[in-house]
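K.L.:
The primary structure of each chain is shown beneath.
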Amino acid sequence: MTESTPQHSQVNEDIAIEVKGMHKWYGDFHVLKDINLTIKRGERIIICGPSGCGKSTLIRCLNRLEVHQQGDIRVDGIELNDDLKHIEKIRRDIGMVFQQFNLFPHLTVLENCCLAPIWVLKQPRKDAEAAAMRYLERVKIPDQAEKYPGQLSGGQQQRVAIARSLCMNPNIMLFDEPTSALDPEMIKEVLDVMVDLANEGMTMLCVTHEMGFAKTVADRVIFMDSGEIIEENDPESFFSNPQSDRTKLFLSQIL
Amino acid sequence: MIVHIPHPDLPPPSTSTGIIGWLRSNLFSSPANSLLTLFALYLLYHFIPPILNWTLLDANWVGSTKDACTNDGACWVFIKVRFHQFMFGFYPSSEYWRAILAFILIGLLILYLLIDRTPKKSWVAAFTVLIFPIIAFFLFYGGFGLPVVETYKWGGLMLTLILSTIGMFFALPFGIILALARRSSMPIPRALSILFIELWRGVPLITVLFMSSVMLPLFMPEELRIDKLLRALIGISLFQSAYMAEVVRSGLQALPKGQSEAADALGLGYWQAIFLIILPQALKTVIPGIVNTFIELFKDTTLVLIIGLFDLLAIIQAAFTDPKWLGFSVEGYVFAGLLYWIFCFSMSQYSQHLERKLHTGHTN
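Here the protein sequences come in this chain order: A and B.
According to this note's numbering, the first sequence holds residues 1328 to 1582 in order.
According to this note's numbering, the second sequence holds residues 506 to 869 in order.
Keep in mind the hints are simulated off the structure, nothing from the lab.
Since the model is a prediction, treat every value here as computed from it, not as a measurement.
Any given hint could turn out to be false.
Said to hold, decoys possible - Cross-link-like lysine-lysine pairs, in silico, DSBU-like; alpha carbons within 30 Å at most:
1) B/K625 with A/K1449
2) B/K762 with A/K1467
3) B/K762 with A/K1416
4) A/K1474 with B/K789
5) A/K1474 with B/K585
6) B/K625 with A/K1360
7) B/K625 with A/K1474
8) A/K1542 with A/K1515
9) B/K829 with B/K804
10) A/K1416 with A/K1449
11) B/K789 with A/K1453
12) B/K625 with A/K1453
13) B/K862 with A/K1453
14) B/K585 with B/K571
15) A/K1474 with B/K804
16) A/K1467 with A/K1515
17) A/K1474 with B/K626
18) B/K762 with A/K1412
19) B/K571 with A/K1453
20) A/K1449 with B/K804
21) B/K571 with B/K658
22) A/K1449 with B/K626
23) A/K1367 with A/K1575
24) B/K862 with B/K789
25) A/K1515 with B/K762
26) A/K1360 with A/K1416
27) A/K1467 with A/K1360
28) A/K1347 with B/K762
29) A/K1575 with A/K1515
30) A/K1449 with B/K789
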């Protein structure tokens, strides 16, 4: 227990996430191979690649929804390992938005947003509710606060999910294909919220196939295939001048 | 340019609404259904009048002995004369007020808890769970100046209700713990839970009761005599919690994995996620299963008659073997059936009300 207090002093404050030589297996299947990735504060990163390439698994490793077996992950300088205190601290600092929204259907929109601030951050209910309303206004659905998630459209649900994450005041946001389960008409309303967030300087990691979004907000695009990072570059070079054949093939299929 | 003029909303055709619409869609939707409807009407015509005659119109209501029953119908005099015994067993009549008081208290408490939007619910719940059982024990058993009534004198509906409420009271929380343990990733709680559930589910309740009353005392030292009723209670509670565990587990299994992942991602701890996210949803899904188990438990308490406890059914059966009242078993069984039905039906109605109340328009 002695080494469980994270050492902030020796940490480079500019680095949000650092992944070194990380491997992961599902049973015998080698999903992630030697992942090395450094994400600076305020950086906006898009991860793309064909389905099954491990991109979701990669970001799910960053908040321990999946456990990596080898290598190093540091978030805010805290090492991600079996130590529950570390996991707890890291999860407080990372917000996550899922493809299937994963709102809590038995709670109202407002309760969804207040739950973690009240129980994890021990905020008084009144403060948590006031903050939640502010974030709901930011995602432009304050009038739905008393409804249940089941009464909202997919796009509205995903915006609530973003507000719910923001209520925890995270420094880093992970997006796991946030628009893949949405009807085309609703994709824009969610992307607009994400663009706003990016413009405010949030550190973002986003798995997505929305290449238009990637072009507008990303500082860096990462392309993955069969568990490896094949290529990473700034969006302009990535789209106009892809280096590997695999990337070229992928881009020719989706653009 | 094409101008689109929206089509106005028209009322539905009159044959698809109102009484005629209902009759058409429910009773006479096809020739075969029309025939079935007519056949059902014939059956009702054939059976309802005799049943009404026997139970109400030709029934005997006044008197105090068998000879008062002169009409062809049911002899409700039998029930009337034995009513107190059916309710309280051999509980001394001078002490009936204690049992009645206890039941009124618990009835009021439960009513208070079941009605939506009553204030200070958590305090009343805490009182019901922590303090009331002690009060109830002294009321039923005695002490503090009240004369002691040994448990072998308890019986009738009173015993049935005591057995079933205490059974439910323990089966649900214990079942939840077992279900969580069985789904846990920790090997020892998991193994223990599986062992417990499969052991108790694998034996009939009648064996459990028999073991608890006959075998157990053989192995126990003389001075460690546990009350027979208490042993039956423990047996019923453990037995039903094994069933409850599987019902709750099915609810846990039905929850999408995303729910616990979202809770994890928000930084909620294991128990916070269980109590705030997982259980409220899982238990809601399995309300029908939980109530099913409760109803089963309620009716299974009749099995205590084989270990010599006189619950409602046992005491009614005992009453119609009384030479003074031979030949009234039908009345007895009808009365027992009616009482069991009232309790079970109420539970089922409440559960449906609860399902509607908790429905938030989400189907996962």
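K.L.:
It remains to establish, for every hint, whether it holds in the given structure.
P.N.:
Going down the list of hints, with the structure as the test:
1. For the hint pairing B/K625 with A/K1449, the CA-to-CA distance comes to about 23 Å; that is within 30 Å, so the pair holds.
2. Restraint check for B/K762 and A/K1467: the C-alpha separation of about 28 Å stays at or below 30 Å, so the hint holds.
3. Annotation: proposed proximity of B/K762 to A/K1416 holds, straight-line Cα distance about 22 Å (limit 30 Å).
4. Between A/K1474 and B/K789 the CA atoms are separated by roughly 19 Å; this keeps the pair inside 30 Å, and the hint holds.
5. About 54 Å separates the Cα atoms of A/K1474 and B/K585, which puts this hinted pair outside 30 Å; it is violated.
6. Taking the CA atoms of B/K625 and A/K1360, the gap is about 56 Å. The hint is violated against a cut of 30 Å.
7. Distance hint between B/K625 and A/K1474 is fulfilled; the C-alpha atoms sit about 25 Å from each other, no more than 30 Å.
8. For the given pair, A/K1542 sits about 15 Å from A/K1515 by alpha-carbon distance, which is consistent with the 30 Å threshold.
9. A threshold of 30 Å between alpha carbons decides the hint, and for B/K829 with B/K804 the separation of about 29 Å falls inside it, so the pair holds.
10. Straight-line distance between C-alpha atoms of A/K1416 and A/K1449 comes to about 14 Å, which keeps the hinted pair within the 30 Å bound.
11. Straight-line distance between C-alpha atoms of B/K789 and A/K1453 comes to about 28 Å, which keeps the hinted pair within the 30 Å bound.
12. Restraint check for B/K625 and A/K1453: satisfied, since their Cα atoms lie roughly 20 Å apart, inside the 30 Å limit.
13. Of the pairs offered as hints, the one joining B/K862 and A/K1453 holds, with about 26 Å between alpha carbons and a cut-off of 30 Å not exceeded.
14. Pair hint B/K585 plus B/K571 holds up; C-alpha atoms about 11 Å apart against a cutoff of 30 Å.
15. With a C-alpha separation of about 41 Å, the suggested pairing of A/K1474 with B/K804 is violated against the 30 Å cut-off.
16. Taking the CA atoms of A/K1467 and A/K1515, the gap is near 13 Å; set against the 30 Å cutoff, the hint holds.
17. Distance hint between A/K1474 and B/K626 is fulfilled; the C-alpha atoms sit about 24 Å from each other, no more than 30 Å.
18. Between B/K762 and A/K1412 the CA atoms are separated by roughly 23 Å; this keeps the pair inside 30 Å, and the hint holds.
19. Under the criterion of a C-alpha separation no larger than 30 Å, the hint pairing B/K571 with A/K1453 is inconsistent with the structure, at around 70 Å.
20. Simply put, A/K1449 and B/K804 have alpha-carbon atoms about 46 Å apart, too far for the 30 Å limit, and the pair is violated.
21. About 26 Å separates the Cα atoms of B/K571 and B/K658, which keeps this hinted pair within 30 Å; it holds.
22. Between A/K1449 and B/K626 the alpha-carbon distance is near 23 Å, which keeps this suggested pair within the 30 Å criterion.
23. Between A/K1367 and A/K1575 the alpha-carbon distance is near 27 Å, which keeps this suggested pair within the 30 Å criterion.
24. At most 30 Å may separate the alpha-carbon atoms for a hinted pair to count; B/K862 and B/K789 meet this at roughly 10 Å.
25. Between A/K1515 and B/K762 the CA atoms are separated by roughly 27 Å; this keeps the pair inside 30 Å, and the hint holds.
26. A distance of roughly 26 Å separates the Cα atoms of A/K1360 and A/K1416; the hinted pair therefore holds under the 30 Å criterion.
27. Note on A/K1467 and A/K1360: the hinted pairing is violated, with a Cα-Cα distance of about 40 Å set against a maximum of 30 Å.
28. This hinted pair checks out: A/K1347 and B/K762 have alpha carbons roughly 29 Å apart, not beyond 30 Å.
29. A threshold of 30 Å between alpha carbons decides the hint, and for A/K1575 with A/K1515 the separation of about 26 Å falls inside it, so the pair holds.
30. The suggested pairing of A/K1449 with B/K789 holds, with an alpha-carbon distance near 27 Å, which does not exceed 30 Å.
The structure is inconsistent with the numbered hints 5, 6, 15, 19, 20, 27, although it conforms to all the rest.
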